[in-house]
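Fit chain S to the supplied structure of chain X, relying on the hints for placement.
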Amino acid sequence: MKITERLALSELEPGMALVDPLLDEIGRVLLPRGCTLSESILADLRRRGTGELTIARVVDEEVAVQAARHECIVNNLASLFRKSGSGPASRQLYQSILRFQMEQAR
Amino acid sequence: MINIDIDREQVIKHLNHLPSLPEAVSALLGSFSDTEVDLEKIAELIARDQALSARVLRIANSSFYGLQCRLGSIQDALVVVGFRAVRSMVVAAGINATFRADACPGYDPAASLRHSVAVGIAARALATILPGHNPELAFTAGILHDIGKLVLASGFPAEYAKVLSYRREHDIFLVVAERDIIGMDHAEIGGMLAETWQFPSALREGIAQHHAPAAARGTSLANLVHVADAVVLGLGYCSSPGDVVMPVETSAWFRIGLDSEKLGRVLPQVAAGIDELCLALSG
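Read top to bottom, the protein sequences are chains X and S.
For the first sequence, position 38 matches number 38 in this note's numbering, and the numbering has no gaps at all.
For the second sequence, position 274 matches number 380 in this note's numbering, and the numbering has no gaps at all.
Excised from the complex, chain S in its bound form:
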């Protein structure tokens, strides 16, 4: 057993000391529970944050949304792609840019981003053809589902590097290696982060339970994210070399109402647009 000086208390302490989120991101996270949204104020908050608005416009102008025209401002984006889509882009871009995880040996930030973007696209594509899901929220949940890995790789790089090498050495699932060594897995830590930053509960569940959807509610986003994650791994978009498809929970598959025919319609959409979105989010 590898001895590692990291426990639940330390993770909680670390989460409480993370830099605060960009104002626009906090405002948009708050808007999930707020029925009265001041669009003008939100557009102004996003526009004031130049790096964030540049990223959002790059996403909005990527082939992902398939627009005929080029959007030049956040106001344009709100009108053309709509509030929900802009919100999902701001949240995804703003949160991803808050972490720097380039000092953890064995953690590949580019491959991890690629995997997360692919899960976001897959979750959104599945949500558009399956009843009862909000495609934009599914997109955000997909992009952020592995945020716990980002917390670990950026906040505890040396310790997480040991988890990654232990996993490679034993050829086991990453969540198993994480639980063996730090007593928690990245899904749980992602859920804790979601609580700290007051994500809407649907998003928090999607992140926290994506590896244990059977325990989630029948309508939880965790079911959709769990399946989208497996789809993307099956297509080979791995976040690290040892990644394999984990057993797909039958309950999650049936709860979202998926079958081979529907999946066949979604698969071609997943590969398209990944590169552009990665570029937009990492810039």
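So that you can see chain X by itself, here it is in the shape it has in the complex:
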């Protein structure tokens, strides 16, 4: 399945496709929308010191589902523990439940 995400330059890999065109300071198109990143393009981006880029890439369905599940667990726990304070017992409880639910989701 195809997912869209915003990644830092260091996380970009050959084969990923640009979702938005990459423009220079005055708005000229450096890389068009949909351009597939290659090793040489990446080297060029590194030289220019480009920051984050929004890319689309194909990922394994399992991996995507897993990532979504993990995000769901973390959000749910953040909501349940939003008033539990930062005491050592609350923290240990949070960590234990997070670990347990992540294992369950696997």
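If you're looking for bench data, these hints aren't it; they were derived computationally from the structure.
Only a predicted model underlies this, so the values are computations on that prediction, with no experimental measurement involved.
Do not take every clue at face value.
As the list claims (entries may be wrong) - Derived CB-CB ranges, DEER-like:
| # | chain 1 | residue 1 | chain 2 | residue 2 | range |
| --- | --- | --- | --- | --- | --- |
| 1 | S | V185 | X | D60 | 53 to 61 Å |
| 2 | S | V186 | X | A78 | 38 to 46 Å |
| 3 | S | K147 | X | Q66 | 55 to 63 Å |
| 4 | S | A318 | X | R106 | 36 to 44 Å |
| 5 | S | D365 | X | R106 | 21 to 29 Å |
Stated by the list, open to error - If you want the footprint, here are the derived chain X segments under chain S, 3+ residues with CB under 8 Å:
| # | stretch |
| --- | --- |
| 6 | 76-89 |
| 7 | 92-106 |
What the hints assert, rightly or not - Some residues of chain S that are not near chain X, with every Cβ distance over 10 Å (derived):
| # | residue |
| --- | --- |
| 8 | L127 |
| 9 | D144 |
| 10 | R154 |
| 11 | D155 |
| 12 | Q156 |
| 13 | A207 |
| 14 | P263 |
| 15 | R274 |
| 16 | D286 |
| 17 | E301 |
| 18 | P306 |
| 19 | S307 |
| 20 | S366 |
| 21 | D381 |
Built from N, CA and C at the ideal position, the CB exists for glycine as well.
Relative to chain X, chain S alone:
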């Protein structure tokens, strides 16, 4: 400030006019302080109460006890799971069935029962791996820890509905909303009920101080129930939608000797068996 016509005097008056407990439940509550227990007489008292014995057998036959055989009578249950386990089931089932709390808007009896059953299971599971605790008593205390909410939702439904909506509106802990509006919280009221019905003192402390375990004795069940309650809320078994994990008292955590590794062993046991026990207790 919402004006509500309910105060301590009225709660006490209400508690004194509650229907009396089934005879078998009273007898078993009395047995906590009695060293000479007449098992035959107790089995007969339970068996005479058909609804109660049916509930107890459903619990005993649920996966909670993991028995290979099916128990057909209270006598069987006494032999196979033992007196203490039967006592904890009778007390939990008998007391829960005494209250009807289906007329209080915002109070969800099914979710509340589910939460209480989960705390009972968690408290029992923790008590089996932590030294110095009686697992059956921990189970009973867990199931009954929020009995004060049941008293309020069944005895003062309109007033308690206001407490619940005030709590939702201000996004505060339920005990804070209760204290703001009625001047008492459900833990205190649960403790008063425990006194009225002469629960054993260990059980009464577990109920009355589960939100303030730091003030309880070091060996009090309140410490265990407090932590079990937080574990269950952390797992998402809430009694109402706004429920969150309250700060876990560090003293309670260390007093019962808990750590991440032990908690990790208990967590998988909590979710298992909740549905069956809910069914058994609500039937």
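Results of checking the hints against the structure:
no., hint, verdict
1, V185/S / D60/X: 53 to 61 Å, "holds, 55 Å"
2, V186/S / A78/X: 38 to 46 Å, "holds, 44 Å"
3, K147/S / Q66/X: 55 to 63 Å, "holds, 58 Å"
4, A318/S / R106/X: 36 to 44 Å, "holds, 38 Å"
5, D365/S / R106/X: 21 to 29 Å, "holds, 23 Å"
6, 76-89, "holds (count 12)"
7, 92-106, "holds (count 8)"
8, L127, "holds, 35 Å"
9, D144, "holds, 43 Å"
10, R154, "holds, 44 Å"
11, D155, "holds, 39 Å"
12, Q156, "holds, 40 Å"
13, A207, "holds, 24 Å"
14, P263, "holds, 27 Å"
15, R274, "holds, 14 Å"
16, D286, "holds, 16 Å"
17, E301, "holds, 29 Å"
18, P306, "holds, 27 Å"
19, S307, "holds, 26 Å"
20, S366, "violated, 5 Å"
21, D381, "holds, 17 Å"
Comparing the model with each earlier hint shows a violation of hint 20 alone; every other hint is respected.
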